[in-house]
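**Q** Work out the full structure, taking the sequences as your base and the hints as a guide.
Chains as they are written, first to last, in the numbering used here: chain A, 1 to 227; chain B, 1 to 80.
It is worth saying that the hints were derived from the structure and are not from the lab.
Please read these numbers as outputs of a predicted model, since none were measured by experiment.
Backbone N, C-alpha and C fix where the C-beta goes; we use that ideal spot for every residue, glycine too.
Any given hint could be a false lead.
[Claimed, not checked] Not close to chain B: a few residues of chain A, all C-beta gaps over 12 angstroms, as computed:
1) E37
2) G53
3) K112
4) V118
5) D128
6) K130
7) D132
8) D157
9) N158
10) N190
11) A209
12) E213
13) N221
[Said to hold, decoys possible] Taking lysine-lysine pairs in the DSSO-like style, the calculated list, with each CA pair at most 30 angstroms apart, reads:
14) A/K69 with B/K47
15) A/K69 with B/K63
16) B/K11 with A/K191
17) B/K40 with A/K69
18) B/K63 with A/K66
[Unchecked claim] Simulated coverage check for chain B against chain A, where a stretch passes if three residues somewhere in it have a Cβ under 8 angstroms from a Cβ of chain A:
19) 10-17
20) 68-74
Here is what each chain is made of, one letter per residue.
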Amino acid sequence: MHSSVITFPGSNCDRDVDVALKKFGFKNKMVWHDDVELPKSDLVVLPGGFSYGDYLRCGSMASKSKIMKSVLNFAQGGGKVMGICNGFQILVESGLLPGVLLRNKYLEFICKNVFVKVNNKDNSYFKDDKKDIYEFHIAHNEGNYFCSNEQIKEINDNNQIALFYSDENGNINEQSNPNGSLQNIAGVFNKQKNVLGMMPHPERMIDPALSGEDGSIFFENLINNLK
Amino acid sequence: MKISVVITLKKDVLDPQGKVIHQTLDGMGFEDINEVRQGKYFEIDTKENDKKKAEAKVDEMCKKLLTNLVIEDFKIIGSQ
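**A** Here it is as C-alpha cells:
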C-alpha cells in the first residue's frame with residue numbers, strides 16, 4: 001500500500017503521520033505543497049499543524065496550494081484522502097468536505113485525550129473495526145465544527161458523520177463535547193465516504209510509551225481495509 | 001484603485017470573541033451595548049482603474065479566498 005503525506009509550510013504532524021503509516025506497513029512518501037503531481041497513492045494524508053501560520057482562516061491558504069489541484073482530482077476520482085486536525089480544516093476550505101471549523105467555544109487551545117465514537121463503519125476507514133469508541137488525542141484552537149441547517153440535514157441524511165465526541169461509554173452529550181462542535185461532530189466524510197476529515201490525532205496513539213495504542217488499532221484496520 | 005472590504009460573521013454564527021469583547025466593555029462601564037460582532041477589514045490596492053471592473057475582481061477574490069461563505073458575509077464599502 002502506497003501513501004503520501006503532504007507537507008505545507010507550518011505543518012508539524014507530517015513526520016508523526018509518516019512514522020505511523022510506515023509502522024503499519026504503508027510505503028509512505030512525503031510530498032511538498034509546491035509539487036504539482038502526487039506520487040502513486042492508495043491514501044493521501046493532510047497532516048496537522050499550522051499551515052501558513054493559520055493566516056486568514058485555518059487551512060484557507062493551504063487549500064489553494066499547487067498540490068491541492070492533484071489532491072482534488074485524486075479525491076474526485078474516488079481516491080482516499082484523510083485530513084487530520086489542520087488537514088481537516090484544509091479539506092473543508094477546499095470544498096471536499098462540508099462545513100467549517102470555528103474557534104473553540106470557550107476560546108481555549110485544547111490539548112488532551114478525548115473519547116470518540118465511530119458513527120459509520122460502512123467505509124474504508126472504519127470497516128470491520130473492532131472498536132466502537134477510541135481514545136484519541138486532540139490539540140486545536142479551531143475545532144468547533146459548524147455548518148448551515150441545510151448542510152447538517154444533508155450530512156445526517158447521507159450518514160456522513162464519521163466520529164462523535166463521547167464519553168468513555170459512548171454517550172454523546174454536552175459534557176463530552178470539548179469545543180462546542182455542532183452535534184458533537186469530531187469527524188465527517190464526503191458523500192462518497194472516500195474523504196475523511198477529523199480533529200483527533202490517531203498518529204499520536206501508536207505506542208504505549210506515548211499516550212496509548214488506540215491509534216495502532218485504527219491504522220492496522222485502515223491498511224487491511226485498503227488492501 | 002483601492003477597494004475596501006468588510007467581512008463579518010453571519011448572524012446565526014456564534015462569535016465568542018465578540019461576546020468576550022462585549023463583556024469586557026460592559027465591565028468597563030459601557031453598559032448600554034446590545035451586541036458586539038468582530039469582523040475583518042481588507043484594503044486591496046489594484047492596478048485596475050475602472051471602478052466596476054475592480055469591484056468585480058474583488059468580489060471574485062472574496063468568493064474564492066477572502067471569505068468562507070458558510071460562515072461569513074462580505075461587503076465592498078468603498079472604492080477610491
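**Q** Hints first: check each against the structure and report whether it holds.
**A** Hints and how they fare:
| no. | hint | result |
| --- | --- | --- |
| 1 | E37 | holds, 23 angstroms |
| 2 | G53 | holds, 16 angstroms |
| 3 | K112 | holds, 19 angstroms |
| 4 | V118 | holds, 25 angstroms |
| 5 | D128 | holds, 34 angstroms |
| 6 | K130 | holds, 35 angstroms |
| 7 | D132 | holds, 30 angstroms |
| 8 | D157 | holds, 18 angstroms |
| 9 | N158 | holds, 17 angstroms |
| 10 | N190 | holds, 15 angstroms |
| 11 | A209 | holds, 37 angstroms |
| 12 | E213 | holds, 35 angstroms |
| 13 | N221 | holds, 32 angstroms |
| 14 | A/K69 with B/K47 | holds, 28 angstroms |
| 15 | A/K69 with B/K63 | holds, 18 angstroms |
| 16 | B/K11 with A/K191 | holds, 28 angstroms |
| 17 | B/K40 with A/K69 | holds, 28 angstroms |
| 18 | B/K63 with A/K66 | holds, 19 angstroms |
| 19 | 10-17 | holds (count 4) |
| 20 | 68-74 | holds (count 3) |
The structure is consistent with each of the numbered hints, conforming to all of them.
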